[in-house]
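Single-letter residue listing:
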Amino acid sequence: MVKKVLIVDDDQEMLLSLEEGLSKYDETFSILMAEDGLDAVEELKDSMISLVVTDLKMPKMDGFSLLSHIMEHYPEIPVIIITGYSTSEMEKLARKGGAIGYIAKPFMIDDLAKRIVTSLRREADGGTLHSVSSGIFLQLMEMEEKTCTVRLIEKSSGKQGILFFLEGQLLDARCDSLRGEAAAYEIFSWDDVSLSIQNACPQKERRIHRDLQAILLDAMCLKDELRRLGKGATPRKKEPSTKKEKTKPVERVKQLLKKEEGEGYGVEDVYEDNSWESFVNGIKRLGTAFQAGAFRVAYIDRGESRDFILLPGESVTVIAVNPKCARDRIMEALSE
Amino acid sequence: MKEIFDDILAMEDVRGVVVFSFEGEILFMEPNLEIEKSLPLFIQALGGIREVDLIFEKSRLYVRRTDTGYLVILLGLFASGAMLRLHVDMALPSLKERGKGKGLRSLFRRNK
Chain D
1 MVKKVLIVDD DQEMLLSLEE GLSKYDETFS ILMAEDGLDA VEELKDSMIS LVVTDLKMPK
61 MDGFSLLSHI MEHYPEIPVI IITGYSTSEM EKLARKGGAI GYIAKPFMID DLAKRIVTSL
121 RREADGGTLH SVSSGIFLQL MEMEEKTCTV RLIEKSSGKQ GILFFLEGQL LDARCDSLRG
181 EAAAYEIFSW DDVSLSIQNA CPQKERRIHR DLQAILLDAM CLKDELRRLG KGATPRKKEP
241 STKKEKTKPV ERVKQLLKKE EGEGYGVEDV YEDNSWESFV NGIKRLGTAF QAGAFRVAYI
301 DRGESRDFIL LPGESVTVIA VNPKCARDRI MEALSE
Chain Y
1 MKEIFDDILA MEDVRGVVVF SFEGEILFME PNLEIEKSLP LFIQALGGIR EVDLIFEKSR
61 LYVRRTDTGY LVILLGLFAS GAMLRLHVDM ALPSLKERGK GKGLRSLFRR NK
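In order, the protein sequence lines correspond to chains D and Y. Position 32, counted from 1, in the first sequence is what the numbering used here calls 32; the numbers after and before it change by one each time, with no gaps. Position 84, counted from 1, in the second sequence is what the numbering used here calls 84; the numbers after and before it change by one each time, with no gaps.
For the record, the hints were derived by calculation from the structure and aren't laboratory data. Here the structure is a predicted model, which means the values were calculated and not measured. Among the clues, some could well be false.
As the list claims (entries may be wrong) - Below, computed lysine-lysine pairings styled on DSSO-like, alpha-carbon distance capped at 30 angstroms:
1. K254(D) - K58(Y)
2. K96(D) - K96(Y)
3. K146(D) - K57(D)
Said to hold, decoys possible - Some chain Y residues close to chain D (C-beta under 8 angstroms, calculated; not the full set):
4. G81
5. L86
6. V88
We treat Cβ as the ideally placed atom computed from N, Cα and C, and that holds for glycine.
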C-alpha cells in the first residue's frame, strides 16, 4: 500500500529541497506538500495521509494548531516537527501536544527520512493481507478481540479507509469525508481489499455504538439493494432513533452538527434544560458588561464524564458531549 | 508573576489575563483592564466548574479553575482555542508553584 507523507512548511525552498531529497524513497512513501496549516487541513480531508512533517512558525495556521487538529481528528497520524526556532520549551510543548519527533533546522534529509521510514513501518507491524473480503476479515478481528488499526484499500477503485478496533469492538471508521458508521458502511461494502494492520489503536473516542455484525449485515443489505437498483450511490447510515422528545431548536442543532461533522462529532445527547437558565442569564449579563455583544455559545467542563455546550434561546439547548469531542469545531459551527 | 503568562499574552488575539481568588478578588491582571462588577460575581457563581469557554458576538472569554482561584482570559474571535488551552496547561504548574508557601496574595501584584 502506497503511503503518503504530508510536508507542511511556508518556506518554498525548504519544501522543494525536501521533495528532491526524499524522492529517492519514493518506493516507500510519496510526498504531498502544503504551505501552511490550513492548506494541510484541506489535504488531510482529501487524502489518506500516513505521516505529517510540519514546521511550527507558519502564517494562517501555525504548527501547534495543526498538531492539535491532527491529534483531535486523526490521532493515528504521527507528526514530526521541524523548526528553525528550537527551544527546549518548544520541544516540550510539541511532545506534550502529541508530536512523535522534533527536529531542529538545519538537519540532514536522510535523518528525517530514517525517522519517517521507522514510523511508517509501525503502520503494518501486525502484517498485511491482499485480496481479502473486508467483511470476513473484520469478523475475525472481533472474534480475536484485537486492538488494532486497520488500513484498507479497495483494489478496483483505489479508495482507502481506516478502522479502529479496541478489544474486538469497532470504535470508529473513516473513509473520504465519512466518519463513524457511515464510513464503516462504505468500507464493509468493498469486496476485494488489501489491508495492513497496526497493533495499536490511538483512537480513543467511540463513534460507533452498534455491533459489528449488525453493521455488516446492514451494509450487505444496502449493497444488494443498490446493486438491484443499479445505482452507484454511497450507502448511508440510517437515522438513529431517539427516546427524547424532539423540539425545533434541538432538531436544528442536530442537523447543523451532522452537517458539520458527519457522524463523528462526539455528541452524546441534545436536549432542552431550563435548569441552566440562571447560569445563562449570568453569561448574558457578562457579555453586556464587556460590550462583547450577544451570547452565542458556552462550553462547560465540570470535570465529569460529560461536558456540556449551552445555547441560549427561549429554552436553553444543552448538548452533552464526550470531553474528547471536536470541541473547537463544534463551538465554531454553533457560534455562526 | 507576569512571566508565567507571557506565552499566553503573546498569543494572537489575546486581550488580557486576570486571576481571581475564589472569593472574586483580583490577584493579578495584565494589562490593566476595566473589570465590570458582574465578572467577579460570575466567577463566584462558577462553584466547582473546571473550565468555561464563552463565545459572544464580538469576543470570547476563557475561564479555568486553578488551585488558587480562577484564571480568566479575554480573547478576540480569532484566537486559537486549542493553542490557548495548551499554553494554559503549561502555565498552571508554575502558577501553583508560585502560590505555595509564602502566602498567595503577597506574591501577586495587584493592578488597580
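Structure-based check of all given hints:
1. Taking the CA atoms of K254(D) and K58(Y), the gap is near 25 angstroms; set against the 30 angstroms cutoff, the hint holds.
2. As the CA atoms of K96(D) and K96(Y) are separated by approximately 19 angstroms, the hinted pair is consistent with the 30 angstroms bound.
3. With a CA separation close to 40 angstroms, the supplied pair K146(D) and K57(D) exceeds the 30 angstroms bound.
4. At its closest, the beta carbon of G81(Y) sits 5 angstroms from a beta carbon of chain D; the interface hint therefore holds under the 8 angstroms criterion.
5. For L86(Y), the interface hint holds, the least distance from its beta-carbon to any beta-carbon of chain D being 6 angstroms, beneath 8 angstroms.
6. Among the interface hints, the one on V88(Y) is violated; its C-beta lies about 12 angstroms from the nearest C-beta in chain D, farther than the 8 angstroms criterion.
In summary, the numbered hints that this structure violates are 3 and 6.
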